[in-house]
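*Asks:* Please build the complete structure, drawing on both the sequences and the hints.
Residue numbers (this note's numbering), protein chains in the order written: chain A, 41 to 272; chain B, 1461 to 1707.
Calculated from the structure, these hints are not laboratory results. Incorrect hints may have been included.
Coverage of chain A stretches by chain B, computed from C-beta distances (three or more under 8 Å per stretch; other residues unrestricted) [as the list claims (entries may be wrong)]:
| # | region |
| --- | --- |
| 1 | 145 to 155 |
| 2 | 169 to 183 |
The following residues of chain A were derived to be distant from chain B, with all beta-carbon distances above 10 Å [what the hints assert, rightly or not]:
| # | residue |
| --- | --- |
| 3 | Asp-46 |
| 4 | Trp-58 |
| 5 | Met-252 |
| 6 | Tyr-263 |
| 7 | Thr-271 |
Part of the chain A face toward chain B, derived, beta carbon under 7 Å [said to hold, decoys possible]:
| # | residue |
| --- | --- |
| 8 | Ala-105 |
| 9 | Val-189 |
| 10 | Arg-270 |
We put the CB at the ideal spot given by N, CA and C, even for glycine.
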Amino acid sequence: MTPIFDLNLLLTGTYHDWLVAGLITSLSLTGISLALALPLAIVIALIRLSPVKLLQWSGFAFVEAIRNVPLLAHLLFWYFGAPELLPTALREWLYARNVEATSAIIALTLYTAAYMSEDVRSGIRSIPGQQFEAARALGFSFVASMRLVVLPQALRVTIPPLISQTLNLWKDTSIATVIGVAELMYQAAKVESATFRSFEAFAFASVCYLGMSLLITGAAGWYQGRFPVRTA
Amino acid sequence: MIQIEKVNKWYGSYQALVNVTESVAKGEVVVVCGPSGSGKSTLIRTLNRLEPIQSGRIVIDGVDAYGPHVKLNAFRSHIGFVFQQFNLFPHITVLENCTLAPTRLRGLKPSEARDEALTLLARVGLAAKARAYPGELSGGQQQRVAIARALAMRPPLMLFDEPTSALDPEMVGEVLLVMRDLARDGMTMVCVTHEMGFARDVADRVLFMDEGKVLERAVPSEFFARPEHPRLRQFLSDIRTPFAEAA
Ligand SMILES: Nc1ncnc2c1ncn2[C@@H]1O[C@H](COP(=O)(O)OP(=O)(O)O)[C@@H](O)[C@H]1O
Ligand SMILES: [Mg+2]
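*Replies:* Pasting the structure below:
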C-alpha cells in the first residue's frame, strides 16, 4: 500500500534524480540570466543617462519595447521566430545544441535587464550630482566616475528592487517549460505523468521555489549589512 | 599660473561672466568676493572646466584649458578643487577618499598612496580619523578631509568655492587654519570666500565681483581701506553689519 505522501519518491531513485536535474537547470537559468542581465542593465541605465539624445532615446525604446510585451511572447519569439532569421548553417548548428535553453536565457536576460535597468537608473539618479562632479574634478573620466563613485553608491540603494527582480527571474524560469526546457516545473510534470503522484512532484517544486527565494532574500540581507548605505 | 582673457559665459540668455580678464601668478593667493549670484562660483568653475565658456581664453600652467588638444582629465587632475558642500565620497573611508585618485590616476602603489594620504591627513589634523567614514565626521572635519583629498593629487593650484559657508561658525576656524598653512607653504590659491579676516591676512590680492564683472582688484590693505567702486563700499558695509538691511 502506498503512503498518502510518498517522501521516498522525492528523496531517492530515478524520480528524485529527475527533480534534482530540473532544480539544477532552473538554478542555472537563473544564475546565467542574472549574470548577463545585471551588467546589461547597468549599461542600459548609463545609456539612458548619457548626455547624447540619440542614446537616451534608444535606451528608452529598448526598455519600453521589452517591458510591454509578455515574457511568454519573448520566449516564443526567441525560440520559434529568431532562428528563422539566421542563415541555415548557423541555425542547424544551433539546433544541434541546446536551442531551448539558449532561447530561454536570451528571453529571461533581456526581460530582466529591462526591468533592472529602470531600478539602476533611479538608483543613479538618487545620488547627488555633486558626487559625480567631485569625481570629475579629481580628474576621473565619465566612466571611471560612474564606476568608482556613483555606481557603488547607487547599487547599494538599488539592492531591494534588484532582489525583487531576481526573485521574479527565479520564478519566471518556470515559463521555459513551454518550450521544453527541462527545468524544475517540466521535470515535476514529467514525474507526475510517470507516477501519478502529482502532490509529491509539485510539492517538491514549490518547496524548491520557496526555499531558493528565502535564500536570495537572506543573501540580500547579508549584503546590506556588509555594504550599508552611507551618506555624508 | 592662470591667465583669464576676455571670458564671457552665458547660462541660456543670462550672461554670468562679462569680459573677465585676470591673471594669477605662481604662489599667489587671490580671494574673490562679491554678493550672492555675482558669478564667483561660475568664474572659479570655469577654471577647471566644470563649466564651459562661450568666448575668451583661460590658460593654466601653460595649458589652454579650452584648446582643442587638452586632455581634460589630466588637466583637471592638476587642479585641486574644494567645494562648499565638501562632497566626500560617503561609501568609502576617509583614507580611501584620499587614495582613490592617486592610485588610479597617479599610478601610485596602494602602500605609497596610503603613506602619502596619512601624511596629508596628519597635516590637516585628522590622521586619527583615517578609518572613519565621512558621515561620522563633523562638517569642519569633512572639509579638511576634502582639502587633503585634493592635495593628494599634488596639484600646483588649489581652487576653493566658499569652503566655509556650509559650516557651523565654530568650525570655520579649523578649515581656515588649514588654508593659511597651505598659503604659507607657497601654494597658488584662488578662494571664493566671505571670510574677510582671511582675505586681509592671507590674500595677496582681493577681487570684487558683481553681476558677472570684476569691478575691483587690489592688495588687501587698499581693498579694505580705500574701496573705490560704490558697489564694493556697499558690499563691505553689508558684510560688516549683516543685519543692517533688516533693521
Ligand atoms: N547652472 C546654471 N544655470 C542657470 N543659471 C545659473 C546656473 N548657475 C548659476 N546661474 C546663475 O548665474 C549667476 C551667477 O551664479 P554663481 O556663479 O553661482 O554666483 P555666486 O557663486 O557668486 O553666488 C546667478 O544669477 C545664478 O542664478
Ligand atoms: Mg557660489
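*Asks:* Each of the hints needs a verdict: does it hold here or not?
*Replies:* How the hints compare with the structure:
1. 145 to 155: violated (count 0)
2. 169 to 183: Satisfied; 11 residues make the cut.
3. Asp-46: holds, 52 Å
4. Trp-58: holds, 46 Å
5. Met-252: holds, 29 Å
6. Tyr-263: holds, 13 Å
7. Thr-271: violated, 5 Å
8. Ala-105: violated, 34 Å
9. Val-189: holds, 6 Å
10. Arg-270: Where the cut-off is 7 Å and the nearest Cβ of chain B is about 5 Å from A:Arg-270, the hint holds.
In this structure, the earlier hints numbered 1, 7, 8 are contradicted, and the remaining ones agree with it.
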